[in-house]
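Novice: Read top to bottom, the protein sequences are chains A and B. Each step along the first sequence adds one to the number in the working numbering, with nothing skipped, and position 144 is 144. Each step along the second sequence adds one to the number in the working numbering, with nothing skipped, and position 185 is 185.
Possibly wrong hints are sitting among the right ones.
As the list claims (entries may be wrong) - Chain A is faced by these chain B residues, among others (derived, beta-carbon under 8 angstroms):
id, residue
1, Ala32
2, Met36
3, Val40
4, Phe47
5, Pro50
6, Pro188
7, Met236
8, Thr243
9, Val247
10, His291
11, Ile355
Read the hints as simulated data drawn from the structure, not as lab findings. Everything numeric in this text was worked out from a predicted model, so none of it was measured. Every residue gets a Cβ at the ideal spot worked out from N, C-alpha and C, and that includes glycine.
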Amino acid sequence: MALPPHASTGQRIWHRCFQAICALVFVFLLLPIVVVIPISVSSSSLLNYPLPGVSLKWFEVIFQPYPWMLALQNSVVIACATTVLATVLGTLAAYGLTSIEFRFKPLVMALLISPMMVPLVITALAAYFLFARMGLAGTFTGMILAHTVLAVPFVVITVTATLQGFDRNMVRAAQSLGAPPLRAFFKVTLPLIMPGVISGAIFAFVTSFDEVVVALFIASPAQFTLPRQLFSGLRDNLDPSIVAIATLLIVISVSLMAVVELLRWRSEKLARTEA
Amino acid sequence: MTIAPVADDALTGTTTLRLRLRRSERRRRLRAYALMAPLVLFLVAFFAVPIGSVLYFSVANPEVVTMLPRVTAALRDWDGETIPDEAVFAALIEDARVGYADRTLPKVSLRLNYEVSGFRSLLMRTGRKAKRMKPPYKEAALARDERWGELIYWRTLKGNGAPVTAHYLLQAVDLDLQWDGSVQRARPEQRIYIQNLLRTLWIAFVVTLACFLLGYPVAYMIANAPPRLAKVLILMVLLPFWTSLLVRTAAWVIVLQKAGIVNDALIGLGLVEEPLALIFNRTGVYISMTHILLPFMILPLYSVMKGIPPEHMRAAASLGAAPARAFLRVYFPQTLPGLAAGCLLVYVIALGFYITPALIGGGSDQMLAYLIAEFATNTANWGLAGALAIVLLACIAVLYPLYHRFAGAGGMKLG
């Protein structure tokens, strides 16, 4: 945002102030993330600056099988199963939802995205009540089902948004050329909406991978995920191995964000060239 | 000129075509419903029904009725003013004996202990001795434990004689349901729930205000920056947005601690002598919650501001408006939908916060969600956990239609 050349001194000062305020807010946004990463390679067990030396010993600690690698394994297993379940259910529902008009459509849509609106603690409480009676508390199945509930709205929203820009004449063309509906879906529709499906799947993965409230309610130590283990660590004693885990998680989320942004950038470019 | 009669086969031809069209249309609809069905059924089974069970648990009161059925029935005609007679005592001893034998007595004792502490030990002791007691039971029971001569225990039993109770819901708003069905304010030392609710509403309000003050200028800057810079700035907003909530909370613990970099910087600059207490108190909760929720304010604001043509401000300036006036009269009103959506979104999410206050706050900074979790998992008081969940849900149910109006369904921009 440039200032016009005829701006008065007062305006110039105000403009500088404004920029300084914004810069400070950006520092605020990034500071905690940036501060944490160097501490993970500190040779000291104190969590402050200046670092006395550089060492990878805390990463050695977290690459021990227990507790962190077990937690990572649990997280990956639960998040992958959640991703598959949520993506399949969500994509099918979004496809069905956008292909016809009916009276209760807003109601169905509200149900499909309601897990996103209800506070996590209430969803977790509800899952806890249900699973305690079904014998699913403290099981991987329970964790996966509860996480799928939380992840599904993200898939429904991203895939629905993609389908709204999708030209259904493509499917008609495929069918008029003799493709049965299933074949038309897999050969025409799915490849075209793939960026939306992948974004939805990544959102589903991240939802499960970062989730801790449900884990606090229904996971027993055998299912402790990374965030759940991190929660215990933060409660009990804060040592740099927690910071090393945090660094690892930051790297994972930055990579996933990069994939989603690339997909979005690509689809925006495609939309521009079509127009 | 005569009108040519329509050929029969042509007529049947259109009819079959129409039929076939209708049939294929019907098939298309059925297919669409079939595609939606798995997810709808899944969410009904694992989300809607469990949420319903939260409502059920907040009013359910099955323990006393099912586990002490005889004494419940015997107390039905009791006036509540004198110690009950021998028949009621006999029913009590029989219930206690049966409950002790089939191990339901600990459950119902715990349930009664929520209301009158000491009830658990009283009932369990009676259960242990019930087998050896002989009539007259009234004297026998009073001899074992004279607390059976106090009205409060009997009244509590009578007050729980129905399978449904408003007890928990009233307790969640600091009211106390009496044994005779009247409602009073809770005893002063038990009036913690309204205070907690107000604190929750207040923390969410402060955080929303902070997000507005910090987020508005930044959204404005990004919306008016050159495209390349704007892209970088948006990524800088999205980076914390994507970072795990727990990681950000952990990071704030490290940054704000006594020897953390904020205190180091403040001391280094000579602004303070002693390190400030920034963590395990309200300040830390405000700072970290604002940080976590700021992207939810910036993103909707940015998407609205991007749609406001810069010509509007120039037109206002060319018509003689001073910059502040042009901003307040022309620009700001156009950002109100985004502002409303952002504020409501931040407020609603903040209301349900649990993890961050639990890790960064002190005892007096805990929000409603913390109490819900405490009652559900630590003290196993499901009824009260359910009732508090309903209070939280009610707060959000009031705000969501407003958000829906400003942002539309699924209006939250993801990523």
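Novice: Next, verify each hint and record whether it holds.
Specialist: Here is what the structure says about each hint:
no.	hint	result
1	Ala32	holds, 4 angstroms
2	Met36	holds, 4 angstroms
3	Val40	holds, 6 angstroms
4	Phe47	holds, 5 angstroms
5	Pro50	holds, 3 angstroms
6	Pro188	violated, 28 angstroms
7	Met236	holds, 6 angstroms
8	Thr243	holds, 5 angstroms
9	Val247	holds, 4 angstroms
10	His291	holds, 7 angstroms
11	Ile355	holds, 6 angstroms
The structure fails hint 6 only (numbered hints given earlier).
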